[in-house]
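Given the coordinates of chain A, work out where chain B with the ligands should sit on it, guided by the hints.
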Amino acid sequence: MTDVLTPVLTDNWGDDRSWTLDSYAARGGYEALDKAFAMAPDDVINEVKESGLRGRGGAGFPTGMKWGFIPQDNPKPKYLVVNADESEPGTCKDIPLMMASPHTLVEGVIISSYAIRANKAFIYIRGEVLHVVRRVQRAVQEAYLAGHLGKNIHGSGFDLDVVVHAGAGAYICGEETALLEGLEGRRGQPRLRPPFPAVAGLYASPTVINNVESIASVPSIIAHGHGWFSSMGTEKSKGFGIFSLSGHVQRPGQYEAPLGITLRTLIELAGGVRDGHELKFWTPGGSSTPLLTAEHLDMPLDFEGVGAAGSMLGTRALQIFDDSTCVVRATLRWTEFYKHESCGKCTPCREGTWWLVQTLSALENGQGSEADLDLLLDQCDNILGRSFCALADGAVSPITSSIKYFRDEYVAHLTEGGCPFDPARSTAWAGQEVNA
Amino acid sequence: MTLTTETYDELRAIGARYPEARSGLLPMLHLVQSVEGRITPEGIEACAEVLGITAADVSGVATFYTMYKRRPVGDYHVGVCTNTLCAVMGGDQIFSRLKEHLDVGNDETTEDGKVTLEHIECNAACDYAPVMTVNWEFMDNMTPDAAVGLVDALRDGAEVHSTRGPRIVTWREAERVLAGFPDDLADEGPAAGPASLVGLGIARDRGWTAPHPDTDAGSGRTADSKQEAVAQADTGRAETETKQEEGSDD
Ligand SMILES: Cc1cc2nc3c(=O)[nH]c(=O)nc-3n(C[C@H](O)[C@H](O)[C@H](O)COP(=O)(O)O)c2cc1C
Ligand code: SF4
Ligand code: FES
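Just so you know, the sequences run in chain order A and B. Residue numbers for the first sequence follow my numbering, so the first one is 1184 and each next one is one higher. Residue numbers for the second sequence follow my numbering, so the first one is 5 and each next one is one higher.
Just chain A, with the same shape it has in the complex (with noise of 0.2 Å):
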């Protein structure tokens, strides 16, 4: 039996200056670099598709799968771009894994990059986390002067260049295809598919886009083996994963576990919800995943388990929130998000979204009607799936999902002309002596 919790990714965050390469190579860092060396390009890219290993970033698309979709007779360039703009709200595991152990994820990059015939690497850093985006450049740094980046590494023959890129603040760059288009210097707005990444990316030329998390799990496949790394997990979602618990719970924070694992455990060890109170809704795997409730407690979280569900298992960002919140509240909040994040490409998503806003303020207010609730229904309809990318279907997801199960709540607020809710009782200093 595996254990509840794995940590791997995270099992050298607790050690003393653990982002330094001393601290990562103390533990046998770099080691699993030159077993990579020793297969051919083509057997790294076999290990990791054997391995099952299915992307970190949300959509779940088997990594070695990806990596074997490059062209390798194309003549052009081949390039790797690591997607570090974690901005999908409740998910936060690149964020503090590229804190703790940068070396973890540059190793990756070089093993993906060898497999996949790059020669440069690019590591798109959103913006506002400049201490991050300072351990990956020190990180990066440390590895030329080590000789694990540079020319012939490790007498390899194989050479590498790493670029660290900060972004600017936007959500949709986190979306491949809008991610190319900021790093070649234009504004973030998706591209038309196709051509794909892999025979046309960045600059025209094959090219892989992959999750951090994802990268960073790539050294302890290679390391251990593929038949380690799917003896964790469930049939068909291999592995372990960072879960990130944020909200109403004792102790939020990361927990690195095998796929599969439900969320009663994992609030079980999060110490249950705050006293008082009760689990009401929460989201699997980031604001565009649908919300769950309490029925989804004993649920796998797994690709499939939440698929079956009707949500998707997306970044495993588990914002719990408890009874004391008002789930009409929350959507708003996540609908304004998406209006104010919504590139303006396309006019489902850029007009739509807007509207979303509108209407939802109305009935937050207590203002409308019933009918309000199947106009907002419509509006959805109208978006979803008529969009250019899939901001907008992540926009609809918590009303839709929120209305399915919450509709008494949306018609309590045109009952009561407002929110029946006090917004005090919420927070996280409720029922102490801090002075909001």
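Just so you know, these hints were derived from the structure itself, not from any lab. The structure displayed is predicted, hence computed values, not measured ones. Incorrect hints may have been included.
As the list claims (entries may be wrong) - Computed far set for chain A versus chain B, every beta-carbon distance over 12 Å: (1) Ala1208; (2) Met1222; (3) Thr1445; (4) Glu1534; (5) Asn1548; (6) Gly1551; (7) Ala1554; (8) Leu1560; (9) Lys1587; (10) Pro1603.
Claimed, not checked - A short, non-exhaustive set of chain A residues, derived as facing chain B with CB atoms under 7 Å: (11) Met1184; (12) Asp1186; (13) Trp1196; (14) Trp1202; (15) His1314; (16) Trp1517.
Unchecked claim - Lysine to aspartate or glutamate pairs mimicking EDC-like chemistry, simulated, CA-CA at most 20 Å apart: (17) A/Lys1303 to B/Asp218; (18) A/Lys1218 to B/Asp220; (19) B/Lys73 to B/Glu24; (20) A/Lys1218 to B/Asp218; (21) A/Lys1218 to A/Asp1342.
In this text, a Cβ means the ideal position worked out from N, Cα and C, and glycines have one as well.
Chain B with the ligands in isolation, oriented as in the chain A frame:
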């Protein structure tokens, strides 16, 4: 004021990091902010000149990204996360208390030019909610009182430390690091905050670990074909992105 030749050299150095210089535009604009205190017409001209594109092109990019400011920013950019989770946990109360205390609105700067207040979106720190930032360094687990104490300390010129980072530098100095010119502060601050370590702590207490490296479950291959992978891949969001891969077939 026109930019110095030194700044022009640095702008070119940023471009030279990339196979195509235009890729450097985002960091170049960070450098402009560090030198000019905001995105100025002169800064836009300089980027355009260095990259051989029009000022309108540069301007179009600068206005797309929220970290670029057209109005002067104070020494300290203070962010309050008011995305849903932080808002519910008290971010809304913190933000309104600060607006009142500093007598400014959103995205405005105090009269002494010290503090610019802005409500920000989820900053990937939800396990430390409610979260604030100063010049994009984390200030975790804030309260309205702590927030007032923080901005007062900043305005008094006291040395302030991030809860998960180094001593706070000025906004212009921070922008220089984002432009890719590191300062020497990477080794300051902790490896991780307490919330980042809770799961690890529990695992250590209970003796839980990942399986021994010799464990072998055989092949874990989850999908053998693109079609199967698409069928298996997570719904909604995944679809638009996984379907892409079908197109890269042959
Ligand atoms: C609006 C939007 C925002 C996204 N934000 C992120 C992000 O911040 N980080 C990330 O890794 N993936 C994000 N994604 C998913 C990426 O497009 C892409 O699927 C992912 O980076 C691929 O890496 P993976 O296969 O390793 O998961 C986002 C997608 C959308 C539609
Ligand atoms: S769906 Fe929204 S974010 Fe995506 S391309 Fe259209 S306008 Fe932009
Ligand atoms: S919601 Fe505030 S940091 Fe995520």
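Tell me, which hint numbers fail for this structure? Failing hints, ascending: 11, 17, 19.
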